[in-house]
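Here's the letter readout for the chains.
There are 4 protein chains.
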Amino acid sequence: MATSGKVKVGIIGSGFEADIHAASFKIMPEEAEVVAVASPTRGHPEALAKKYGIPRVFHDYREMLKEKDIEMVTINAPNHLHCAMTRDIAQAGKQVVCEKPLAMTLEEADEMIDVCKKQGVMLAYAEELLFTPKYVKAKQMADQGAFGKVYLVKQSEKHSGPHAGWFWDVDKSGGGVFMDMGCHGIAFCYWFLGRPKIKSVYCQMATYAHADKTKGEDNCICILEFENGATGLIEDSWAKPGGMDDYTEIYGTRGVSYADLHMGNALPTFSEPGYGYAVEKAPSTQGWTYPVFEEHWNYGLPQELDHFARCVRGKDTLRSTGEDGRLVQEVLLAGYQSAGTGRKVELPFRPKGVKKPIDLWWKPLSARAENA
Amino acid sequence: MATSGKVKVGIIGSGFEADIHAASFKIMPEEAEVVAVASPTRGHPEALAKKYGIPRVFHDYREMLKEKDIEMVTINAPNHLHCAMTRDIAQAGKQVVCEKPLAMTLEEADEMIDVCKKQGVMLAYAEELLFTPKYVKAKQMADQGAFGKVYLVKQSEKHSGPHAGWFWDVDKSGGGVFMDMGCHGIAFCYWFLGRPKIKSVYCQMATYAHADKTKGEDNCICILEFENGATGLIEDSWAKPGGMDDYTEIYGTRGVSYADLHMGNALPTFSEPGYGYAVEKAPSTQGWTYPVFEEHWNYGLPQELDHFARCVRGKDTLRSTGEDGRLVQEVLLAGYQSAGTGRKVELPFRPKGVKKPIDLWWKPLSARAENA
Amino acid sequence: MATSGKVKVGIIGSGFEADIHAASFKIMPEEAEVVAVASPTRGHPEALAKKYGIPRVFHDYREMLKEKDIEMVTINAPNHLHCAMTRDIAQAGKQVVCEKPLAMTLEEADEMIDVCKKQGVMLAYAEELLFTPKYVKAKQMADQGAFGKVYLVKQSEKHSGPHAGWFWDVDKSGGGVFMDMGCHGIAFCYWFLGRPKIKSVYCQMATYAHADKTKGEDNCICILEFENGATGLIEDSWAKPGGMDDYTEIYGTRGVSYADLHMGNALPTFSEPGYGYAVEKAPSTQGWTYPVFEEHWNYGLPQELDHFARCVRGKDTLRSTGEDGRLVQEVLLAGYQSAGTGRKVELPFRPKGVKKPIDLWWKPLSARAENA
Amino acid sequence: MATSGKVKVGIIGSGFEADIHAASFKIMPEEAEVVAVASPTRGHPEALAKKYGIPRVFHDYREMLKEKDIEMVTINAPNHLHCAMTRDIAQAGKQVVCEKPLAMTLEEADEMIDVCKKQGVMLAYAEELLFTPKYVKAKQMADQGAFGKVYLVKQSEKHSGPHAGWFWDVDKSGGGVFMDMGCHGIAFCYWFLGRPKIKSVYCQMATYAHADKTKGEDNCICILEFENGATGLIEDSWAKPGGMDDYTEIYGTRGVSYADLHMGNALPTFSEPGYGYAVEKAPSTQGWTYPVFEEHWNYGLPQELDHFARCVRGKDTLRSTGEDGRLVQEVLLAGYQSAGTGRKVELPFRPKGVKKPIDLWWKPLSARAENA
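Residue numbers (my numbering), protein chains in the order written: chain A, 1 to 372; chain B, 1 to 372; chain C, 1 to 372; chain D, 1 to 372.
Note that these hints are calculated values from the structure, not bench results.
Among the hints, a few may not be true.
To be verified - Here are the computed lysine to any residue pairs in the SDA-like style, where the Cα-Cα straight-line distance is at most 25 angstroms:
{"no.": "1", "chain 1": "C", "residue 1": "LYS281", "chain 2": "D", "residue 2": "LYS197"}
{"no.": "2", "chain 1": "D", "residue 1": "LYS197", "chain 2": "D", "residue 2": "THR341"}
{"no.": "3", "chain 1": "B", "residue 1": "LYS149", "chain 2": "C", "residue 2": "LYS215"}
{"no.": "4", "chain 1": "B", "residue 1": "LYS199", "chain 2": "C", "residue 2": "LYS215"}
The following block holds chain A by itself, in its conformation from the complex:
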């Protein structure tokens, strides 16, 4: 493997997220290039390869891992495969970028961190909100003292349902919208506030619109309490019609900031005939819509992947680590437990033997086991 020049990247997956990864490396091509893609469904990785000019295609990622020149592999696969893939990648001596959420269980998260440490490879946790330009601006202002003491961070992501079909199956995903998008808000609040310890988690969950498709919750409100006294309020939904929403609000004793990522950036547009593309999950481009522009860029996806490549070359220090992902995992577990008991759950909360987080919503640990 090279130690200079562009980082050679292999992508696992050929769906929505894999496409974003391939596109992102094209948008910021300075530090890395995608040289291979692996996905088991015949035709899918071929299509992605064609679309982005990726030279090599595999149907078994393990075959791809044998390619000598590949230095970094990004995982875009159902959550229940993250751990095994990470292990394989690390053992092949390659750097790991794992999409969110990190894993199904804390045991898996621990294993992923351990194997990467042991193999001396990076375990990057792909939380793009830490790179979203609008949100980064809010963070910069906070760090410059704009808001006095920040006491409340709100983060919300809402749309009409997951991109990937497997997310409806809680055995593959581990849970509903809290697993899928709550992980963003948790990581974001934590990072925004400067990584203070998380004291407690409270969640209210329900399945409003998609009970026919999934056992997972499609709406979640989550309250985090941090040791520095600040609060995080996270809202996520798969039950929101009309196109995707993502926003962050910062409240401090001396200031506030409202960062609305979609409607707050878009061009309010009316069109009778419609047009190409408005925004993720937009049901139509006719009538009034809120088209966004440079969607990947405004999420920070190219910046995130560029950063990971720079970390591989030692140019940057990893902003979003496996340890961050593990903490998010712990909060996810505590959140489901809380939704199951109607009580806030104190951290640390590291129950053993939980197969998937959502199990705790349906059958929470007893109060005794919780505090064990």
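Let chain A serve as the given structure and place chains B, C and D on it in line with the hints.
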């Protein structure tokens, strides 16, 4: 000079625009790199070189032109120097990127085009609005038929006064805010509508806030009529307090779109203590403000310069040409003439011997000469 | 007729505007009550009377004028009837409220003013923008010095076409959208700036969307120059799809204010099934819409009519007079003349014998006659 | 007492709320008129009387209650006085309008309802959000089916601290911001959803900015669960700098609506010199601000009081009752209990002997007592 690899760039100037060029090449480093900067004021180019890691510094741009490896030179200098610099650059066999407006007179514009053609070099006219992501999205929608027939394009840029001190001096700038920012709107409407011929120009100008500093107008309303029946409405001001505004509105028979570049992208923010930076020309960061993020990117400046470098390598076809700049120049002249007469001026309008456009506001050609 | 208690009102007309008048008096019932409605079309005034509990119905307004107790009559009829109706009402000794625009010609406007003066009755010119709460707030701030010297007032009203079918017929309306809605902007800028003399008028007009229905312009840009140096920029359109827009922007040397009446007040709403009502001219209530609330109130219509009733009782001084309407009429004429010549037209501009304003667009007076 | 004509009103109080009542009756004078004001502080009721032309002034409200013609009395006094005042008013045979929150305890709320029932007078609970025009529009759309099944109602009110000094004193107020403004959100969500039973309440509370002034919480997040499955999310703050915010968001399976009362109605304004008034709690009128217009009207305050007067005359059916106030009281108690235990509290929750709601935050009932 190389014919592959990164395009080596020399920057003329060390002020506001030169800094933007240097920053932009850093943001998109794939296609080009800045290897030299030239500016006569001792200390200034050195400071820019230090800030952006530019290896070579010159105090006479003609010395810089002797550097063999430099392939492309960008001009960030007072308007009255554009022509001579372009001639020198072209004669040195290097590609030219000239900041807006192109020149002081049509004669200069013609000369610039001619010399570049003769020398076989590119003359790129640096109109960034053709690359502004939000506006490009509007253009894409228009081209996809979103608005039916577009009959009105509005473009506006307003703030409290020019960046560069020399712009107050009409002998160096050629005019006021219409020269400085009207050129953006003219080029934008023309490009947006697909470059139909411009039939007529009407301008209303006044000096409201800066009569103590300049003879130039600090507020201008301009109406363009195009041969396809569409109208352009351009508003520009140096008399607008509260920070910069830039917006575009598209009206068609079957749709509309409103693209507000600053307040429409920003994070509405309240801060008692203030913070680092809000937006161009913002008078304060305390109280309520509209901070923007990734300002250069959202203007399209890195994308514009990346595009010019790609054109040098034959990867793209030039989107904004010297001929575009010359047309803008003609409209600028017609606009000042119109403001002087209170009548719309029909194009073609190519008066000879006009030293600077604003002269026509003060002393318009007679109707007879106008139509000659 | 009473000299105290509620002012008894008769309404002429039974269409869109008449309905607004009846509704408005219901919303603010303290000062006036509608006791009669007159309209020639069988069934129409009856329906209005039923809807609003109006006790008396007439098919000839001259019959209604014989009712002793009626003190104030509001005219909601095609423009070419305003003058004769005003004459009849005044001669019946009743107070006149005339919808905009005042008349077809300056001669009519003069006659209306004269007959009311002679009969000792009020001639109120129903310009509601002088009562629009959001715009009144802007005016209050301006008068409190918020903006320093105001140098530019923008006013715009745009939708997809007139409410009343007769407005397509220029023989009844006198012109297109400039007659229909330009009159709002003219009166507003004039009032906002404190009624300085108007120096000149420039208009650019076109028919973009409705050439099949009308000879009138359906889009107009108008620039007013005032003697105090300020500028008015008025935009009106009948060619704007997607629902009505109305906004005002104020620019001063020390401040700005943006007052968006519809989208800037509305509840951004997404609905798959749709709902009752969004906003004037909204093509649909499905998908994304901008529903407004208390539409009449937010235009200032009840406040306007309440004010007129108060003036009848001597409690208020008339804010919008026949003289205001006449000045607007003069500007309308000058505007069409300007659109016809491509030149700004200086005021006073009082051509004789013009049958309807739009005639001057098609066949402007010669420059000589213009200045006569 | 009259049974027709305008309802004669006496106002108890002379502070912020009393002023709003007096102003509101002036704005909608059709149904009622204020004939007396009572407040113990010498000079205060006199000033209010002078400002609004109120003929009679009292320093003891019990004296005012002896006035025969007064039919309706509005209570604008510290919370701990509401019950005794209501009793006195009812026993004087007059109609009661009580400002929010209804009382300090459930026992008081019961007594207030009972005494009014016994005396045959109305007990109107002054919750203005049920009359806020923008929010009423949202409710109308919901009732028209715009959103499918509404599953989440968000209501938020935030500013920098209470109007009345006594609210800092929890012995007079009963609690902090949840008592002061949470009551709005509770009543609103309940009404919006059609008054389904409330199943549970969860609150997270903290004192971030005003620990020096009060023992009360200055920030609260509250989650309501309704028997129909819907959720209410209420946020209130006294710790929000930059001026008041009030918004409501509606989420349904087939639609959403965002109703922002202040920034979403205001005129974004920049002013160097400043001007008269921007919005409640705005720290300045200089720089960028969000001035509102017709503030009382846009809250629905005149409409609310007009409605109460109409109810007295039998023209309307009471929209906001003592029973509503009592339910809010129960939720307030449950909310503080929840904040004290970190658990959601199931309704009914009617603990006996609680002196003031906030006591339950500091010293919650045991789980056993809670469920008793």
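>> Name the hints, by number, that the structure is in violation of.
In response: Violated hint (a single one): 1; every other hint is consistent with the structure.
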